[in-house]
Amino acid sequence: MKKRKPIAEGSEWTFEDLEAYETELARVAESYRLDTYPNQIEIISSEHMMDAYSSTGMPVGYHHWSFGKQFLSTKQEYRRGHIGLAYELVINSNPCIAYLMEENTLTLQALVIAHACFGHNSFFKGNYLFKTWTDARAIDNYLLFAKNYITECEERHGVETTESLLDSCHALMNYGVDRFRRPAPISAEDEKRRQHEREEYLQGQVNDLWRTIPKKEKAKVEGWPKFPSEPQENLLYFIEKNAPLLEPWEREVVRIVRKISQYFYPQRQTKIMNEGWATFWHYTLLYTLYDEGLVTDGFMLEFLQFHTNAIFQPAFDSPYFNGINPYALGYAIFSDIRRLCEQPTDEDKRFFPDFTGSDWLDTVHRAMVNYKDESFILQFLSPKVIRDLKLFCILDDDNEEEIEVTAIHDDSGYRRVREELAEQYNLSEQEPNIQVHEVDLRGDRAITLRHVQHDRIPLSEDDTKEVMKHLHHLWRFNVHLETMQEESVFTRYICDDESVRIARA
Amino acid sequence: MAFLIIDRRPNGKHKGAVNRQRFLRRYRKHIKEAVSDAVNKRSMTDTDRGDEISIPRKDVSEPQFRHGKGGRQRRVLPGNKEFVTGDKIARPSGGAGIGGTGGKASNIGEGMDEFVFELTQQEFLDFMFEDLELPNLVKKQLKDTEAYKLIRGGYSSEGIPARLNVVQSLRGAHARRIALSGAIRRQIKELEEDLEALEEQESEDRVREIKIELDRLERRLNQIPFLDDFDLRYNNLIQQPLPTSSAVMFCLMDVSGSMTQDIKNLAKRFFILLHLFLKRNYQKIDIVFIRHHTVASEVDEKQFFYSRETGGTVVSSALKLMEQIVRERYPTSDWNIYAAQASDGDNWRDDSAQCRDLLEGSILPNAQYYAYVEINSAEDRALWHAYEEILEKYPDNFAMRKVTDSSDIFSVFHDLFERKSA
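Listed in order, the protein sequences are those of chains Z and W.
Each residue of the first sequence is one higher than the one before, starting from 1 at the first, in my numbering.
Each residue of the second sequence is one higher than the one before, starting from 1 at the first, in my numbering.
Looking at chain Z on its own, in the form it has when it is part of the complex (with noise of 0.2 Å):
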């Protein structure tokens, strides 16, 4: 290819080069398909990063000590160098906001511009979860209005209180998620208009809830149907809908933290293909803009030298191990499926007949579109991957003396290590299974929740412990865990008015 004039030489950016560089994406992402959301880059200073770290990555974020504590704990981390900030974060958003921070230099802006502008929206307009799970074109409002009902809840019911029952509820944050229905699409506008019915409504529902309880107490009377009916996975839904004492507008504050949670939900299971994506995007975009002599030679060894470090994995044993890096795997997998399109081995061949030799482009787009991590793993990961990055089994079974390795990158391991690799990305395994099994309406209104045990593995005591005292800040009866195993109570937490006890079977 005739060699053109580079785009932009030097190392440090002006707004101008930045311009330059997404026009240029812009055209080569087109080529390859890549629909996006609009862009809006905002440049930053580190000290906004660190900012927008603590807050979870969220625009506007309400108020709460906790973030203040990770906003302290990263930047001594950074002071000390343990960690490098990220050199971009991108929010799932119509427009799409990235941040970029002032330090980088031009070749690292314009790799973050790939990265995340191209890679990342195109992901977050593309895959499926975001599509039915998240409503980029409100987040932001929703925010803005999250945060304005708590700062005015502030005013109204105390900083303490408020932060007190923010605690409560970010403690369930994981169980204040749908997995399986979809939820309907968050709106600021919606949740105004709705919010001052819905606090009567409720209020109403609740009360008659109640209601039946005869004056005295009884004990269990047969026949009366169980509430739930059903077990209910969504605790905070569950919470908001039903606890007993609640206010209404701690109703609301629950409803929020169930929200935002929701909306990060899809992102907490596809980190792998999120971040392989976008990797794999930058590297293929800016190799392109080489191809086209559009970038120099030094603009690509420096870009390499990034590359290389956001995708190594230290091994097992190595003093930088830190579990799988995401960058790494997603990267691996997604250029291998370009691979095992355009150059398939025999063996390939064998273990995905579906696609080998189809058009790589296609494929990749249907991965992207259609998959999240565990089914993307378990679908894509390749015996070349496996074998590249070492991958092995271990069982560690608390009634063996040691930990057994159960498979390793081999012809007759392939498919376990697959497996289990897949089901280490399945949030529902990762997370302990506790869904509310029944309330006792015409007791003690006592509500029980049932922690289903997979391979006997317990629940982390301490914390259990101090989750069920927050479960009863927001239930205000008393709360019962059951730990099951095989049908039948094997440990049962009890939470009253002064202390969590621990009775065993």
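Be careful, since some hints might not be right.
Said to hold, decoys possible - When the alpha-carbon atoms are kept at most 20 Å apart in a straight line, the in silico DMTMM-like pairs for lysine to aspartate or glutamate are as follows:
hint: 1; chain 1: W; residue 1: K88; chain 2: Z; residue 2: D410
hint: 2; chain 1: W; residue 1: K58; chain 2: Z; residue 2: D462
hint: 3; chain 1: W; residue 1: K58; chain 2: Z; residue 2: E42
hint: 4; chain 1: W; residue 1: K189; chain 2: W; residue 2: E199
hint: 5; chain 1: W; residue 1: K69; chain 2: Z; residue 2: E431
hint: 6; chain 1: W; residue 1: K88; chain 2: Z; residue 2: D317
hint: 7; chain 1: W; residue 1: K69; chain 2: Z; residue 2: E461
hint: 8; chain 1: W; residue 1: K58; chain 2: Z; residue 2: E163
hint: 9; chain 1: W; residue 1: K58; chain 2: Z; residue 2: E461
hint: 10; chain 1: W; residue 1: K88; chain 2: Z; residue 2: D398
hint: 11; chain 1: W; residue 1: K69; chain 2: Z; residue 2: D455
hint: 12; chain 1: W; residue 1: K58; chain 2: Z; residue 2: D463
hint: 13; chain 1: W; residue 1: K81; chain 2: Z; residue 2: D388
hint: 14; chain 1: W; residue 1: K29; chain 2: Z; residue 2: E163
hint: 15; chain 1: W; residue 1: K69; chain 2: Z; residue 2: E401
hint: 16; chain 1: W; residue 1: K69; chain 2: Z; residue 2: E400
hint: 17; chain 1: W; residue 1: K88; chain 2: Z; residue 2: E400
hint: 18; chain 1: Z; residue 1: K384; chain 2: W; residue 2: E82
hint: 19; chain 1: W; residue 1: K81; chain 2: Z; residue 2: D410
hint: 20; chain 1: Z; residue 1: K465; chain 2: W; residue 2: D59
hint: 21; chain 1: W; residue 1: K88; chain 2: Z; residue 2: E431
hint: 22; chain 1: Z; residue 1: K390; chain 2: Z; residue 2: E400
hint: 23; chain 1: W; residue 1: K81; chain 2: Z; residue 2: D362
hint: 24; chain 1: W; residue 1: K41; chain 2: W; residue 2: D126
hint: 25; chain 1: Z; residue 1: K469; chain 2: W; residue 2: D59
hint: 26; chain 1: W; residue 1: K81; chain 2: Z; residue 2: D463
hint: 27; chain 1: W; residue 1: K69; chain 2: Z; residue 2: E402
Said to hold, decoys possible - If you want the ones that stay clear, here's a sample from chain W, every Cβ over 10 Å from chain Z, calculated:
hint: 28; residue: I5
hint: 29; residue: D7
hint: 30; residue: N11
hint: 31; residue: R20
hint: 32; residue: K41
hint: 33; residue: E52
hint: 34; residue: R75
hint: 35; residue: E118
hint: 36; residue: Q201
hint: 37; residue: R216
hint: 38; residue: D231
hint: 39; residue: P331
hint: 40; residue: D380
Simulated from the structure, these hints should not be mistaken for lab results.
The beta-carbon is built from N, C-alpha and C at its ideal position, and this holds for glycine as well.
Fit chain W to the given chain Z structure using the hints.
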């Protein structure tokens, strides 16, 4: 493709400041403990810098339901080197699974027992001197005041809308309307009477003339505005100076030969804290530094902390000098007098009795508060015994404490200047 580049750098830097303050407030008890520990461990010269503070991580944790250890835990790990299927590996000590974090560690990293973060110098000093004050600060006067209170004082024709006084403004407008319209109304009234008289006489020309004139006058009347700019009156605020208290602190330090370098360092530490505290919490305060061996001299801050001159011990010399300075420069009617004295308690034979008499006779009756710190690890010395007698007589404005090593300094200091609940 539509896109937008926004430069957010000029935006306020401290978006997260509220959250940070929330955190500090929530853990103030922990942080205060950590701060006083840190102060004790510091070298003398950098008592006032910000510092890393650590508090137990379990106290700041945010609990969630999560899996604990035990059961059959599976993991997939990268970077296999020598393992083959079926290998058994000894369980690493510490109970964590292979590969460190045993599965589902929290995202804040459970590995650390302490939550470490940095306090700025400002915050550090805030925590350090919180709840401290100069006791018995009462004498107030209007001298060199810097504080003002805004009070209401009449009305002005200029001001901000928020201070608009509606009643005054409307009253003014009403008066203006009366003043401006009086003449016109009178004319109208006269013309109307004329008209009535003329209607009986049926002279139509004159009637038309009068009607035109009436019309004109009505129009003029209507042109007078209901409310004009210069009707507006605003509540006026004037500054009233607030009486503030003026105080002087005498720092008396023994630098005699019996004070070893260690003891001097402890004394200096005490005075550095005192100095920081006063400078920070009281804008208008005089500090007088007096050092003494056999003779006392008033010195400046630098000499006080760094000079190496030394000699024998006559404590009363310092007290005499202080008394003299008070007499000359700080009339007790206007000033709150404070003094802090540090010594190893060693004194020239009968001088302790003289000190006692000086304090009782002329210093304490005029002083708001007198604090004595004795630095030694041995048994009580003469000066201590002499001062004990004073303590009985003046329990309210005299205090004495003993310090044996540097870890006592901050707590003793805190003790001496703690805010007493009213």
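Against the structure, the hints:
1. W:K88 - Z:D410: holds (18 Å)
2. W:K58 - Z:D462: holds (10 Å)
3. W:K58 - Z:E42: violated (37 Å)
4. W:K189 - W:E199: Roughly 15 Å between the alpha carbons, so the hint for K189 (chain W) and E199 (chain W) holds.
5. W:K69 - Z:E431: Distance ~14 Å between K69 (chain W) and E431 (chain Z) Cα, so the pair holds.
6. W:K88 - Z:D317: Given pair K88 (chain W), D317 (chain Z) holds - Cα atoms ~16 Å apart, limit 20 Å.
7. W:K69 - Z:E461: holds (10 Å)
8. W:K58 - Z:E163: Since the Cα atoms of K58 (chain W) and E163 (chain Z) sit roughly 19 Å apart, the hinted pair holds (cutoff 20 Å).
9. W:K58 - Z:E461: holds (13 Å)
10. W:K88 - Z:D398: This hinted pair holds, its Cα atoms lying about 14 Å apart.
11. W:K69 - Z:D455: At roughly 12 Å apart (the allowed maximum being 20 Å), D455 (chain Z) and K69 (chain W) satisfy the hint.
12. W:K58 - Z:D463: Holds, at roughly 10 Å.
13. W:K81 - Z:D388: holds (12 Å)
14. W:K29 - Z:E163: Distance ~18 Å between K29 (chain W) and E163 (chain Z) Cα, so the pair holds.
15. W:K69 - Z:E401: Since the Cα atoms of K69 (chain W) and E401 (chain Z) sit roughly 15 Å apart, the hinted pair holds (cutoff 20 Å).
16. W:K69 - Z:E400: holds (14 Å)
17. W:K88 - Z:E400: holds (10 Å)
18. Z:K384 - W:E82: holds (18 Å)
19. W:K81 - Z:D410: holds (13 Å)
20. Z:K465 - W:D59: holds (14 Å)
21. W:K88 - Z:E431: violated (28 Å)
22. Z:K390 - Z:E400: Violated, at about 25 Å.
23. W:K81 - Z:D362: Between K81 (chain W) and D362 (chain Z) the Cα gap is close to 36 Å, so the pair fails against 20 Å, i.e. violated.
24. W:K41 - W:D126: OK: K41 (chain W) and D126 (chain W) at ~18 Å, within 20 Å.
25. Z:K469 - W:D59: holds (15 Å)
26. W:K81 - Z:D463: violated (36 Å)
27. W:K69 - Z:E402: holds (15 Å)
28. I5: violated (5 Å)
29. D7: violated (5 Å)
30. N11: It is violated; N11 (chain W) is separated from chain Z by about 7 Å at its closest Cβ, not greater than 10 Å.
31. R20: Contrary to the label, R20 (chain W) does not stay out of reach of chain Z, its closest Cβ about 4 Å off (not over 10 Å).
32. K41: Label holds. Min Cβ-Cβ 19 Å, cutoff 10 Å.
33. E52: At about 8 Å from chain Z, E52 (chain W) fails to clear the 10 Å cut-off, so the statement is violated.
34. R75: For R75 (chain W), whose nearest Cβ neighbour in chain Z is about 6 Å away, the distance does not exceed 10 Å, so it is violated.
35. E118: violated (6 Å)
36. Q201: holds (72 Å)
37. R216: holds (56 Å)
38. D231: At roughly 37 Å from the nearest Cβ of chain Z, D231 (chain W) sits farther out than 10 Å, so the non-interface label holds.
39. P331: Given that every Cβ of chain Z is farther than 10 Å from that of P331 (chain W), nearest at about 47 Å, it holds.
40. D380: D380 (chain W) is indeed farther than 10 Å from all Cβ atoms of chain Z, at 46 Å.
Figure legend: structure checked against the earlier numbered hints; hints not met, in rising order: 3, 21, 22, 23, 26, 28, 29, 30, 31, 33, 34, 35.
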